[in-house]
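Asker: Chain residues, written in single-letter form:
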Amino acid sequence: MSLAPPLLVLGVFVALLLGAVAVRRSAGLAAAVTGVGFLAALAAIFWAMPGGGGTFGVAGVTLGFWAVICGVGLLLCVMAAGYWRGAENLAGEEFFILLLVASLGACVLAGAKDFLFLFLGLETMTLAMIGMIAYPRGRPEAGEAGLKYLILSAMSSAFLLFGVGLLELATGSLGLADVLAAAKTPMVVAGLAMVGVATGFKLSVVPFHIWVPDVYAGAPAPSGAFLAVVPKLAVLAVILRAVGLPGAALGPGALHVVSVVAALSMLVGNLLALQQQNVKRILGFSSIAHLGYLLVAILAAGEVGRVAVVFYAVTYALTMVAAFGVLAVLSDAGAARDAETIADLRGLFWSRPGLAAVMTLALLSLAGMPPAIGFIAKMYIFAAGVHQELWWLVGTMIASSVIGLFYYLSIILAMAQRQGAAPAASGMQVLGRVVLGVVSLAVLGLGVAPEPLIALVKAMVG
Amino acid sequence: MSLWLLLVIPLVGGCLAWPADRVHAHLPRVISLVALVATLVVALPMLHGTSGWLADFSVPWIPAFGMSFHLGMDGMSWLLTVLTIVLGMFSIVVSWRENSEKIGFFHANLMWSIAGTIGVFLALDLFLFFYFWELMLVPMVFVIAIWGHENRRVAAIKFFLFTQGSGLLILIGILGLAFLHQRASGVLTFDYFALLGHEPGGVAGFLIMLGLFVAFVVKLAAFPVHVWLPVTHTQAPTAGSVILASILLKTGAYGLLRFVVPLFPLASQALAPVALWLGVASIFYGAVLAYGQNDFKRLIAYTSISHMGFVLIGVFAFNALAWQGVVFLLIAHGVSTGALFIIVGGLQQRLHTRDLSRMGGMWGDLPKLSSFGAFFVLAAMGLPGLGNFVGEFLILRGAFAVAPVVTIFAAVGLVPAALYSLIAIQRAFHGPVREARAVVDFGWRENAMMVLLAAAIVWLGVYPQPVLDVAAPSIAAMGVVP
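Just so you know, the sequences run in chain order A and B. The numbering of the first sequence is my numbering, which starts it at 1 and goes up by one. The numbering of the second sequence is my numbering, which starts it at 1 and goes up by one.
Honestly, the hints are just simulated from the structure, not real lab data. Where is the CB? At the ideal position from N, CA and C, for every residue including glycine. Possibly wrong hints are sitting among the right ones.
To be verified - Computed far set for chain B versus chain A, every beta-carbon distance over 10 Å:
# : residue
1 : Trp4
2 : Glu98
3 : Leu414
4 : Val415
5 : Val462
6 : Tyr463
7 : Pro464
What the hints assert, rightly or not - Computed from the model, here is a short list of chain B residues facing chain A with C-beta under 10 Å:
#  : residue
8  : Ile62
9  : Ala64
10 : Glu101
11 : Phe105
12 : Phe130
13 : Leu135
14 : Ile146
15 : Arg152
16 : Ile157
17 : Leu161
18 : Leu171
19 : Ile172
20 : Leu175
21 : Gln182
Unchecked claim - Label pairs and their computed distance ranges (CB to CB):
#  : chain 1 : residue 1 : chain 2 : residue 2 : range
22 : B       : Phe193    : A       : Val260    : 40 to 46 Å
23 : A       : Val430    : B       : Val8      : 30 to 36 Å
24 : A       : Ala343    : B       : Ala25     : 28 to 34 Å
25 : B       : His26     : A       : Trp47     : 52 to 58 Å
Based on the sequences and whatever the hints tell you, model everything.
Answerer: Have a look at this one:
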């Protein structure tokens with residue numbers, strides 16, 4: 001992978017940010033530099049898009065994922081600027097450094113063409129994320145979540161490294177394309193399986209999902225949103241490019257394994273979410289289910305399937321940012337925990353109708369109901385599944401969607417309750433509201449008229 | 001044509017009504033009513049001539065999937081759209097004096113639900129149809145969950161899960177249909193007219209038809225997938241019950257008539273024997289359970305199940321006469337059941353109970369309410385000379401030619417209908433006064449609503465021809481099956 005300008009821009013801004021923080025410790029300045037960095041990276045990406053100035057020898061899919069990662073980074077940067085303002089004992093600059101570094105790592109991972117860069121990107125992202133998760137040092141849960149994530153990430157990295165080692169031994173190459181094109185000797189298969197396990201950890205699909213609820217619940221809301229979205233986007237980008245390479249077609253055995261993983265993720269994620277009272281945990285379990293849906297789209301190879309994956313990934317990113325964003329705006333970063341239980345949201349429709357409307361829209365989108373974009377996205381995956389006649393996977397998806405409706409609805413109903421409305425939280429996070437406004441406009445607008453996004457995704461993937 | 005106005009006016013009306021309660025408590029009501037009147041003004045003149053499609057509107061929506069924003073109106077859609085708008089107005093007026101909280105949001109939800117329903121009746125792109133199908137559901141869930149009675153949470157969840165779950169069957173069905181069509185013809189489209197006459201054969205075709213059938217029957221609330229209906233109708237606020245029973249149930253029947261039968265003529269013929277017997281089962285099941293109810297509102301909900309059994313029989317009788325009867329019964333049932341829910345809502349407001357065992361002898365205390373109540377119970381029962389009779393008679397007459405045994409059983413089902421109707425009148429309005437009560441009778445607002453609905457039922461009963469004429473071209477276009 002050459003040093004593509006978007007990565008270069010992000011790297012330069014990491015350096016700039018470190019310099020800025022060294023000169024003057026100010027969260028506002030750090031947030032501003034980070035935000036400008038993301039904007040500059042986005043500009044570089046748009047310049048490189050078809051019809052823009054030049055190309056970097058980077059696949060359109062990668063560019064698209066870079067854009068989504070940087071867009072999410074920008075939104076979270078603005079949201080975090082509002083969020084950390086409430087914390088008196090925390091400065092907040094380090095958070096922005098970590099955010100920018102993690103995004104850079106994610107972009108490297110998403111664009112990696114060989115296992116060396118893949119591993120570098122993955123570790124850069126993961127290590128920065130551990131800092132982001134454990135950042136509020138006054139909260140024991142955050143420290144615990146960070147430690148959990150550290151240990152499990154280390155384990156998955158070990159799997160990845162072992163797998164890469166086997167692959168290198170067998171094929172003599174670290175290139176993604178070379179490895180996939182090689183004959184499937186037992187050693188190659190074992191190596192690929194280990195890489196697959198590491199991928200499963202990052203995507204948090206069953207049975208590698210155990211860490212999700214605790215880490216999501218312990219992380220402060222902006223970190224939770226990053227954790228829920230960005231690593232998955234980066235890994236999906238790699239998968240999407242890999243499935244297009246020769247020799248990537250899964251054998252019938254592996255196909256069955258992935259199908260079972262997808263089905264289990266959908267069912268387990270939705271079933272476990274039913275019993276939860278903590279919205280972050282619910283979002284965590286729900287993300288497991290959503291990755292199961294995404295696996296269905298990946299299994300439904302072909303153009304419809306690939307467009308479905310990207311479309312769903314964008315939808316998922318927007319929706320998760322909206323849901324975590326509402327929690328962030330409601331929360332006080334200096335408190336012992338975020339406003340994250342269903343009880344905290346009770347009566348929100350009466351105390352803060354705007355926030356409740358955004359949350360409702362996000363939940364409808366997650367549930368796949370119109371007029372939110374999640375509806376179109378789910379339709380896309382159904383369409384891909386029906387197209388490839390993956391009947392029992394589509395059937396599982398329907399069944400688990402119906403289960404999922406129940407817990408999304410129970411949050412909405414709690415917000416609509418007349419009694420016991422929670423007192424309006426103290427902070428007025430203007431910045432957080434700006435993010436929510438942008439995201440909910442996108443969720444609603446693209447849900448009513450999805451064609452622009454579909455056309456864009458098709459141009460990137462096709 | 002201005003078909004899109006029929007959707008935009010209620011949607012915008014709802015958006016305006018939401019914040020309007022900050023200005024004045026009555027403003028949301030006024031805005032909603034004005035919006036519905038405007039919608040009606042747009043809709044009424046669309047009926048010109050009596051041939052085929054009255055209006056059509058189409059713009060590309062998601063060309064990537066061959067989906068277009070295609071609306072169209074024929075006689076049947078026109079009748080159901082007008083029914084929706086008019087009963088929507090009644091549902092606004094009926095809650096005029098209820099000082100509930102957040103009156104603006106309440107009216108916004110009512111209006112959005114009405115807009116979604118109109119969309120369902122107009123959509124001629126299968127995916128657009130599904131979009132509206134889902135869209136009408138969410139506001140209704142809010143209406144039940146926020147402003148419903150004591151058990152509203154359970155009711156809202158049941159309603160949501162049943163209709164949404166069955167909605168996913170529709171989604172799979174239409175996707176399957178479109179892809180099978182694409183495989184056969186090379187064109188990916190969800191357009192109704194493009195898919196018409198290309199029935200996918202084989203097991204896949206039958207399964208797709210079955211999925212749509214189940215989904216629509218859930219909405220219609222026929223036995224055995226009626227489970228959501230009694231609790232939902234009972235717990236919804238009066239305006240919600242009126243919309244649910246008078247309008248939303250009709251979307252199920254409309255789906256069967258508009259999509260299942262014309263798109264899958266062979267497969268649905270194959271299913272007909274099962275569907276006919278399900279209809280008979282609904283008639284008896286609804287009637288028997290209605291007879292046993294103590295809750296007046298629940299009683300009416302069960303009678304709905306019974307009446308929708310007739311609708312199911314009519315749809316699957318596959319002849320023009322029965323289909324005419326179905327359209328007619330949908331309208332008559334909408335009017336009569338809407339009126340009954342308004343009356344029970346009035347009772348609950350006055351007595352703070354829906355329990356029949358605490359009523360009795362109300363004809364003395366509430367003569368106007370009781371006489372209207374008795375009138376509409378008799379109308380719902382199918383008394384000759386009133387609207388429902390015409391619909392049921394046409395259905396039975398049409399079905400007898402095809403399935404005499406089923407028809408005989410269905411006709412016998414009218415006997416338990418008479419039983420539950422008479423016992424309801426007896427328990428609520430006649431007999432000894434069980435509790436002393438100081439209540440006021442219907443005022444002019446409620447009287448005016450009742451008189452209008454009663455006049456409509458009488459008119460439908462004695463001079464049904466105009467309605468039949470409007471519906472006739474749609475029925476003829478459904479493909480006359482011998």
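Asker: Could you tell me which of the hints above the structure violates, numbers in ascending order?
Answerer: none
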